[in-house]
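As given, the protein sequences belong to chains E and H, one line each in that order.
Using this note's numbering, read the first sequence as starting at 8 and increasing by one per residue.
Using this note's numbering, read the second sequence as starting at 10 and increasing by one per residue.
Check before you lean on any hint, since a few could be wrong.
Quick list of in silico lysine-lysine cross-link-like pairs, DSSO-like style, CA-CA up to 30 Å [said to hold, decoys possible]:
hint : chain 1 : residue 1 : chain 2 : residue 2
1    : E       : Lys169    : H       : Lys60
2    : E       : Lys33     : E       : Lys124
3    : E       : Lys288    : E       : Lys306
4    : E       : Lys169    : H       : Lys58
5    : E       : Lys124    : E       : Lys137
6    : H       : Lys60     : E       : Lys138
7    : E       : Lys385    : E       : Lys372
8    : H       : Lys63     : E       : Lys169
9    : E       : Lys138    : E       : Lys169
10   : E       : Lys137    : H       : Lys63
11   : E       : Lys320    : E       : Lys305
12   : H       : Lys63     : E       : Lys138
Chain H is nowhere near these chain E residues, computed Cβ spacing over 12 Å in every case [stated by the list, open to error]:
hint : residue
13   : Ser62
14   : Met332
15   : Asn334
16   : Pro346
Hints in this document: simulated from the structure, not taken from any laboratory.
What you are looking at is a predicted structure, and each value in this text was computed from that prediction instead of being measured.
Where a beta carbon is used, it is the ideal one built from N, C-alpha and C, also for glycine.
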Amino acid sequence: MRMPVLKVSQLNRYVKSQLEGDPRLKEVYVAGEIGTLTANQRSGHLYFTLRDDMSAIKAVMFAGNAMQLKFMPQSGLAVVARGAATLYERDGAFQLMVSELMLDGAGAQGFAFEKQKQLLAAKGYFDAHKKRAIPYNPATVGVVTSDSGAALHDIISVITRKNPTVQLLLAPAVVQGPEAPASIASAIAALNRDGRSEVLIVGRGGGSAEDLWAFNAEAVVRAVAESRIPTISAVGHETDIALCDLAADLRAATPTAAAELAVADRAQLVERLAQRSNMLKNAIAHQLVLKERLLLEKKSAEPLKNPRFFINKNRQRLNNLIESMYNLSQSEIANRFEPVARRAALLDSLSPLRVLARGYCIAAKDGRPVISAEDLHKGDIITLRLHEGGAAAVIQSIAAEGEKL
Amino acid sequence: MTFEQALTRLDEITALLSNGSTSLEQSLALYAEGASLIESCTQQLNDAKTKIEKLFPEKEGPSDAI
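Could you build the full structure based on these sequences and the hints that come with them?
Shown next, in the form of structure tokens:
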């Protein structure tokens with residue numbers, strides 16, 4: 008039986024699809040030395056070979072990725088390439104399509120760093136939504152670093168200068184070497200247990216990549232990510248990035264910068280306090296003005312403004328009452344007096360004095376009425392009471408009963 | 010009470026006084042409270058001297074002031 012005969016292009020396409028179908032070849036890190044290298048001036052693509060002491064592979068890095076390079080690749084450099092193994096169909100050439108190129112040494116570190124980063128990212132330690140805000144003015148700051156390092160000295164001096172109201176809680180840790188990760192993690196845990204710190208600074212001063220390696224360890228990254236207290240990470244110098252930085256709520260370039268970020272400036276606090284003090288004074292002053300205005304309003308209400316108004320009003324009422332009582336009593340009196348008046352009139356009509364009106368008069372001697380002529384003597388003086396007025400008379404002659412004068 | 014807590018309380022007091030719904034007695038009591046908060050915060054700022062305390066994560070023992 009004869010095997011089917013393939014065209015070259017069929018074979019190449021098949022091998023290419025086989026390569027590209029293998030997930031392990033989609034992303035590989037390959038360490039080697041750069042052999043021949045050409046840069047296409049027009050397109051910006053890089054073509055080179057990567058080799059070790061036994062083998063070589065063709066590699067291509069397209070312009071988009073090549074532009075991201077932080078160094079000039081050149082023949083003889085030890086590098087780590089990240090990329091996909093594939094086949095260039097036209098030439099049947101097995102090649103590495105490089106997306107990232109790192110210098111080895113740093114390259115090997117970078118490779119391990121990348122791997123660790125992916126591993127820890129997958130565990131959610133770097134999730135952006137877990138980041139918390141750093142409090143503006145913490146009263147207590149926890150510090151995890153070596154208690155003999157320059158970092159601690161820098162942190163203390165910045166905080167003492169910037170805001171001496173802050174209390175520092177130091178949790179010393181071993182920051183390099185094999186015990187470092189556990190030591191740093193347990194210091195972070197201790198500060199969390201203590202609970203007084205409102206923010207933590209975790210870090211150390213500059214050093215070699217190996218010195219800083221503890222801050223990439225999972226124990227440290229987990230401790231930082233799981234800290235209930237917001238954490239500022241400050242590892243090494245400006246250019247050093249540790250996984251601890253990615254897990255922290257805030258990354259500071261250096262321990263000094265971390266201290267600057269952690270605490271508020273005392274001068275600003277003084278100013279804020281002064282502002283509050285003014286606001287409070289204004290508020291109470293405003294409040295007092297309001298109350299005073301309210302009082303004035305009440306005072307200017309009619310009864311308080313003119314108290315006589317009420318007195319006069321009531322006096323008027325009283326007068327009216329008195330008058331009506333008086334009127335009432337007058338008519339009452341009149342009513343009561345009416346029968347008396349009637350009797351008085353009757354009595355009056357019977358009075359002997361009434362007779363005088365008809366021309367009679369009453370003669371009296373020594374204040375007693377003269378009833379009989381016998382009581383009189385010639386020359387006696389008698390008084391005469393007339394209807395109107397009276398007179399005195401001298402008796403000239405007397406006539407007895409039945410006699411003529 | 011921390012400095013920040015004191016400022017938060019001061020803001021509350023100022024807001025209460027500003028909206029004018031408190032009685033005169035309440036207003037004066039609030040003002041007195043605010044004034045004493047300002048006093049203690051000022052003291053806090055003036056008397057400040059960084060306190061440093063050491064925790065020993067290895068031993069679960071008491072901490073040392075240095």
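Hint check:
no., hint, in the structure
1, Lys169/E / Lys60/H, "14 Å, holds"
2, Lys33/E / Lys124/E, "18 Å, holds"
3, Lys288/E / Lys306/E, "27 Å, holds"
4, Lys169/E / Lys58/H, "11 Å, holds"
5, Lys124/E / Lys137/E, "17 Å, holds"
6, Lys60/H / Lys138/E, "29 Å, holds"
7, Lys385/E / Lys372/E, "13 Å, holds"
8, Lys63/H / Lys169/E, "21 Å, holds"
9, Lys138/E / Lys169/E, "26 Å, holds"
10, Lys137/E / Lys63/H, "29 Å, holds"
11, Lys320/E / Lys305/E, "21 Å, holds"
12, Lys63/H / Lys138/E, "27 Å, holds"
13, Ser62, "50 Å, holds"
14, Met332, "48 Å, holds"
15, Asn334, "53 Å, holds"
16, Pro346, "71 Å, holds"
In terms of the numbered hints stated before, the structure departs from none.
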